[in-house]
Amino acid sequence: MSKGKFGVHGGQYIPETLMNAIIELEKAYTFYKQDKEFQDELTELLNDYAGRPSRLYFAKKMTEDLGGAKIYLKREDLNHTGSHKINNVLGQALLAKRMGKTRLIAETGAGQHGVATATAAALMGFECEIFMGKEDTDRQALNVYRMKLLGAKVNVVTSGTMTLKDAVNDTMREWTKRVEDTHYVLGSVMGPHPFPEIVRDFQSIISKEARQQILEKEGKLPNAIIACVGGGSNAIGAFYNFIPDQEVRLIGCEAAGKGVDTALHAATITKGSLGIFHGMKSYFCQDEYGQIAPVYSISAGLDYPGIGPEHAHLFDTKRAEYVPITDDEAVDAFEYLSKTEGIIPAIESAHAVAYVMVLAPTMKKDEIIIINLSGRGDKDVAAIARYKGEDIHE
Amino acid sequence: MNKISEIFKNNKAFIGFLTAGDPTLEKTEEFILSMEKAGADLVEIGIPFSDPIAEGPVIEKANIRALSVGTTTDKIFDMVKRIRIKTAMPLVFLTYMNPVFVYGVEKFFKNCHQTGMNGIIIPDLPFEEKDEVLDVATSYGIDVITLIAPTSKDRIQMLAKDATGFVYLVSSMGVTGVRSEIKTDINAMIEDIRQVSDTPIAVGFGISTPVQAKEISKTADGVIVGSAIVRIIAEHGENAGNYLFDYVKSLKDAIS
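Chain order of the listed sequences is U and X. Residues 0 to 393, numbered by numbering that gives the first Met the number 0, are exactly what the first sequence covers, in order. Residues 0 to 255, numbered by numbering that gives the first Met the number 0, are exactly what the second sequence covers, in order.
Isolated chain U (complex conformation) (with noise of 0.2 Å):
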């Protein structure tokens, strides 16, 4: 029988060859979810290595500025490597710890959960590999040397697209050629039953944080929340624990490229339609024959042809809400952003400021958006640059 369903989304449609590792790391994954030392351990992780619970941020310049709605900054940028990808990171690699396996492999698009699934692989002692397709090799140089330096062997992935897509096709590749020893450290919150659910839990700090921190400085929940989303990992993290409070709006940015009416974009939901790959049923940008459609964004990190399944679910039962955001509008919400708060976000996150910026002024002053900061910007800044016209290389 399918497993891990949201709706209609989720599955594990994938090769016979990995059936057997899913199995394993599923009933790995129920026993430490409720084994007291694991969580106890992962939380020491997370707060002494990682510096969480990660701030909450009143963007008071931006707020006066804008003119609406008063906007708070969940700050992950400031954990450890920078984004939340390393909340997840931690949570598996000490799961293939106590499983027993001795290799971590994982895929990466701008190179954040590749420095840091190499960082996490650093610190526990694994062998490490990771796989970022030659497109984003080139755009985030830096990343690739972060990992090198992490100790980790960074393959790059010349297939297809020669994005995260085909890091993702490879990485899956290397896994079903050796599973006995490693651990897939699937980056978001997708691919088979259970990493969509793992991922997320992993995730879901960021939200459980975020609601008693707006409660303790305001006294009341937000009006919404704002996160940039490819794969969703950084969004289901901070959507979930509010998921419930049907009054607060949860809203994605996908990354609308050079624009939705083209054929430069990935935004998944404005676009996509039903279908089944990367081990899940979900939402994919394709043509009438099921092949997956070249995609493209400024960003690395939502350059990805699909969605997560349980964000599937969210649009089909309208409880979060997705819309497209330009490269333009990103690249001017990195700016904006730096210029107005002294925070350089991430280019993926800049996609969120972005909307916050046409969303904040049309609502009132006593109301509140929490925007998902999911990364720091310095590894964009060398690629803004340059596509703003200046002759900059790391």
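No lab work stands behind these hints: they were computed from the structure. Quick caveat: nothing in here was measured; it's all calculated off a predicted structure. Each residue gets a CB set at the ideal place from its N, CA and C atoms; glycine is no exception. Some clues are possibly wrong.
[To be verified] Pairwise CB distance ranges, derived in the manner of DEER restraints: (1) U:Y48 with X:E180: 39 to 45 Å; (2) X:D130 with U:Q245: 32 to 38 Å; (3) U:L148 with X:K152: 37 to 43 Å; (4) X:N10 with U:L122: 56 to 62 Å.
Chain U is already provided as a structure; the job is to place chain X on it using the hints.
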């Protein structure tokens, strides 16, 4: 007994694979007939997919080549219709779940039935998700081939019990591709399967030489060769017909 099972009667079956539309659908038609003439008992026709995650680089590149010349599922059905007039050899598709799902499961298997296909292999459709296609496929008389892998272990009997057509026994870990050595204990797996099923067993992944094929066929009912064939097509392009004939004949002779 259905048509696929018949090829295993008093015969060690040779099963060849190629990607439809590589280099063109006209050539695919010709290559299938060359392989039949050389002794192939069944041909797997790959419907190309943009992201074939169970394939190694050789077949992955063939998928990309086929798509780049405009090969579509509809055009492949047209080719099958044409080839069915010329051959009675059983034919099965190999493709991924998404091309079938997006085409429409009902429409896909109806077309399989009408054009004369006999079965389908879907590498990313494990036992747990087989309901996605099984009832519809069965209602149109299309066998959904069961894949069993070296890691299947305690799952073997569950998988093999209801297998129809043939059991596709994956010889090695990893993706498709030529291997110099196959390390899996295939004989032990074959014994496990035979305990619960009398469905014929064909072994694939990594087989390319007559010596390997002969060794496998001692215990298996058939051998499956994919990447080695696709490599010949990649190398010789439109002129691959004669090379395919010689190659397939050398393997079929080795197992006969």
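Hint by hint, here is what the structure shows:
For Y48 (chain U) paired with E180 (chain X), a C-beta distance near 43 Å keeps the hint of 39 to 45 Å intact. Hint check: D130 (chain X) to Q245 (chain U), Cβ distance near 33 Å, so the stated range 32 to 38 Å holds. Taken as a hint, the range 37 to 43 Å holds for the pair L148 (chain U) and K152 (chain X), whose Cβ atoms sit roughly 39 Å apart. In this structure the supplied range 56 to 62 Å holds for N10 (chain X) paired with L122 (chain U), their Cβ-Cβ distance being about 58 Å.
Checked against the numbered hints listed earlier, the structure breaks none of them; every hint is satisfied.
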